[in-house]
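**Q** Read off the chains here:
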Amino acid sequence: MPDGKLWEDREPGNSYDVVIVGAGGHGLATAYYLARDHGITDVAVLERGWLAGGNMARNTTIIRSNYLWDESAAIYEHSLRLWEGLEDDLGHDLKFSQRGVLNLAHNLPDVREGVRRVNANRLNGVDAEWLDPDDVKKLVPILNTSPSVRFPVLGGTFQPRGGIARHDQVAWGLAKGADERGVHLIQNCEVTGFRRTPGGAVTGVETSRGFIGAGRVALCAAGHTSVLADMLGFRLPLQSHPLQALVSELLEQVLDTVVMSNAVHVYVSQAHKGELVMGAGIDAFNGYGQRGSFHVIEQQIAAAVELFPVFARAHVLRTWGGIVDVSPDASPIIGPTPVENVFVNCGWGTGGFKATPGAGHVYADTIAHARPHPLAEPFGLERFTTGALIDEHGAAAVAH
Amino acid sequence: MLLIPCPWCGDRDEVEFHYGGQAHVAYPSDPDALDDAAWADYVFMRDNPKGWFRERWTHTAGCRRWFNVVRHTVTYEIAGSYRPGDVPPKVAS
Numbered sequence: 001m002p003d004g005k006l007w008e009d010r011e012p013g014n015s016y017d018v019v020i021v022g023a024g025g026h027g028l029a030t031a032y033y034l035a036r037d038h039g040i041t042d043v044a045v046l047e048r049g050w051l052a053g054g055n056m057a058r059n060t061t062i063i064r065s066n067y068l069w070d071e072s073a074a075i076y077e078h079s080l081r082l083w084e085g086l087e088d089d090l091g092h093d094l095k096f097s098q099r100g101v102l103n104l105a106h107n108l109p110d111v112r113e114g115v116r117r118v119n120a121n122r123l124n125g126v127d128a129e130w131l132d133p134d135d136v137k138k139l140v141p142i143l144n145t146s147p148s149v150r151f152p153v154l155g156g157t158f159q160p161r162g163g164i165a166r167h168d169q170v171a172w173g174l175a176k177g178a179d180e181r182g183v184h185l186i187q188n189c190e191v192t193g194f195r196r197t198p199g200g201a202v203t204g205v206e207t208s209r210g211f212i213g214a215g216r217v218a219l220c221a222a223g224h225t226s227v228l229a230d231m232l233g234f235r236l237p238l239q240s241h242p243l244q245a246l247v248s249e250l251l252e253q254v255l256d257t258v259v260m261s262n263a264v265h266v267y268v269s270q271a272h273k274g275e276l277v278m279g280a281g282i283d284a285f286n287g288y289g290q291r292g293s294f295h296v297i298e299q300q301i302a303a304a305v306e307l308f309p310v311f312a313r314a315h316v317l318r319t320w321g322g323i324v325d326v327s328p329d330a331s332p333i334i335g336p337t338p339v340e341n342v343f344v345n346c347g348w349g350t351g352g353f354k355a356t357p358g359a360g361h362v363y364a365d366t367i368a369h370a371r372p373h374p375l376a377e378p379f380g381l382e383r384f385t386t387g388a389l390i391d392e393h394g395a396a397a398v399a400h
Numbered sequence: 001m002l003l004i005p006c007p008w009c010g011d012r013d014e015v016e017f018h019y020g021g022q023a024h025v026a027y028p029s030d031p032d033a034l035d036d037a038a039w040a041d042y043v044f045m046r047d048n049p050k051g052w053f054r055e056r057w058t059h060t061a062g063c064r065r066w067f068n069v070v071r072h073t074v075t076y077e078i079a080g081s082y083r084p085g086d087v088p089p090k091v092a093s
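Protein chains in written order, with this note's numbering: chain V, 1 to 400; chain B, 1 to 93.
These are calculated hints, taken from the structure and not from any lab test. Just so you know, even glycine gets a beta-carbon here, dropped at the ideal spot from N, CA and C. Treat the hints loosely; a few may be bogus.
Covered by chain B, per the in silico footprint, the following chain V stretches (three or more residues, Cβ under 8 angstroms) [unchecked claim]:
| id | segment |
| --- | --- |
| 1 | 235-249 |
| 2 | 380-394 |
A few chain B positions that, by computed beta-carbon distances, are all more than 10 angstroms from chain V [stated by the list, open to error]:
| id | residue |
| --- | --- |
| 3 | Y27 |
| 4 | D30 |
| 5 | E55 |
| 6 | G62 |
| 7 | R64 |
Okay, chain B solo, but in the shape it has when bound (with noise of 0.2 angstroms):
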């Protein structure tokens, strides 16, 4: 099981948390101009990397507040974790 830092409560165990798939996939700023296949990509298409991975949880079972983590997705090590509008925290690519 994994240990994560929520930002607000500190570390828990991962079955307090909800999994949020890929972190900063931005709304279109401008969805009007958006082509099916731009909306394909924002709609379906993330991320998939075998390293690091910067990827959301939020917090149910605590604070219920949603924030960002830096893990390795084939070790499952967390750099870090680091709340929206927050930088993250550095690793080696």
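Excised from the complex, chain V in its bound form (with noise of 0.2 angstroms):
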């Protein structure tokens, strides 16, 4: 491409075999492996805003696949599999660092429910290790472990293949694999309705910038997806939340690991310039504003600071927030939808970005057959009907 552009910003198109809405990382993801492994590149990306400007912007960029049940961890490590050759596969340096992931327990439920994780994840084949307080000390020698502290670390469940990728590169990578196959990537092109036959089905969305037509249309808006379902009349059991993360000014390498803390809640790693990243837990209204209150940065901050000692001399640079999708189980909701020709992946809440080229390869599957990829199948809808809820609170990690 001229002039060093990893990919062309597009005019629309009048019509598509598949619309994608949302040129997120799932989004992204999503065209770039209907065009790679299913010979689908008729294929628009819209974007309302910039691309990657949403939460692809806004997350903790950690990477892991330790979730309880069979279908998230097979589900997950799908995606972490994905991870580990995706730098290659792109031709594209994401920073991909598989540091390790740890999860502290500060009390004996934590404890309880970790060791029980770690032994679902090994049957698995997931990667997972308990350590003891000790072991944890060894692996991040500036964490706080006395006893007498108010949240006592009391050991953690460590995945060594977790770790964290430059999101950035994450998405200009996707983009770049995507438009090299002819997927036309369009910002500022918000869709503000759907054109659909009597019968119901959609042959098309109205946009910002005028009509495009579509044989498929792929809902991938995270925080937004309920504006859409709302557009086409059908309910989601899902409640948009801010979700809030920081960082600090840039300093020396002080921690090679990703920690995470359920119950005092903070989860940070430092990135390779520098800075720490960390992440807080959503507020608890609903919201849409990208924006969350000041006390959850101020517990945040509380449980970083008594965890690591050594950040009281830390300055906060910048806070933000970005809008997930909670649904009730903490699982995402991936598949058809009640309207035809209108597929929906949404739903991963607080962990979407780890899921990123997984929700995207198991998502473009199940788009181009028009059913659920044998993945996604134990994800539909359908589950809220039946009652097969994939419970990941635990899991999850953050707190909703």
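Dock chain to chain to rebuild the complex, using the hints, since each chain is given by itself in its own frame.
**A** Okay, here's the thing in structure tokens:
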């Protein structure tokens, strides 16, 4: 591509075989795999803002697959394996770093849940270890493992293959891969409605830049999925919440592991450049404002400083919020919808980044064949009617 | 942080409250008549509007009573609160 651009900013065409709504990580990955694996290249990815400017620009880049239930382990591990080959596959440096993810336990229920989950993970072929407090201290020397703190560290689950990646590079690498295969990436193009046949089937989308015809429409809009479903007249079991995060200024490297704590609520890693990246729990109220309340940040910092006393001397450089789509069982929703030609990938809530290649891969297959990919099958919308929920509140590790 | 008007105690900081989600979700009047899809709708489906929203809060650290608030989910502006059974404040839709 001329002048060093990775991908072209396209004008909307008249119609496409597949229109993907949302050019975040999942939308871009879906387009990439549609083109790469299914030969479907007449694809547009519509983005109301700029490419990867929503949650893809706002997450804490943590990657892991240590979920409890078989269905979850299968789909998240599928994603982790795709991560492990993604840089070679895309020919793009993603700063993918398998530095290990440590989930701390601070009370007896945490310990029991953690040990149970480690055992479940190992049965599912997911690398997982239980670490006692001494092992935790050896792994992360700056962590305060004193028994005298208010929430002492009683151990932790550790997934060595977990880690982080550079979120922008992930988006740009996928955008490049999709663009090279003929996918149109269209920014500043907000979907405002859907055109339907008298029978209800969708034949295209109305946008801020005019009508675009579509053989199939794939919703990939995270926190805004409910807004689109409203236009289509069906309900989703989603609530959109602000989820906040922050970074410190650039510091010398002091932390080479991702550390998460469910009970005191912070998750932290140190980026390659040196800033500490910390995530909070969700704000309790429903919100689309991409910002949350300051007391959530305050609690998160209090937790971080108790766990890492050395952080007390760091400064907050910037805080922000993204809008996450939380489902009742903290598991995603992937598959067909009640509306013909419309598919949905949503409900990833606080943990969508890790699923970027996996979600895109199974969603592309689902769209191409108009039936759920075997790994997506348990995550259909019908589980809320059958009652076959996949409760991952423990493994989701972010307070809901 | 939100400043939430408790209808009994007045304006208080958000940290004194707990959130209860969508207001006016009534228990089914004839539960025996519901099929699985209707139960799913009652148990799991909630409105998730981008705009004005009627929602429940409880004043946990105060009077411990439940009440409803009309709040905008983008600006977070609060149009007002009202007690159960009272009429919600009017907002432009």
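**Q** All the hints need checking, so say for each whether the structure fits it.
**A** How the hints compare with the structure:
1. 235-249: holds (count 6)
2. 380-394: holds (count 4)
3. Y27: About 18 angstroms separates B:Y27 from the closest Cβ of chain V, which puts it past 10 angstroms; holds.
4. D30: holds (19 angstroms)
5. E55: violated (7 angstroms)
6. G62: holds (16 angstroms)
7. R64: holds (17 angstroms)
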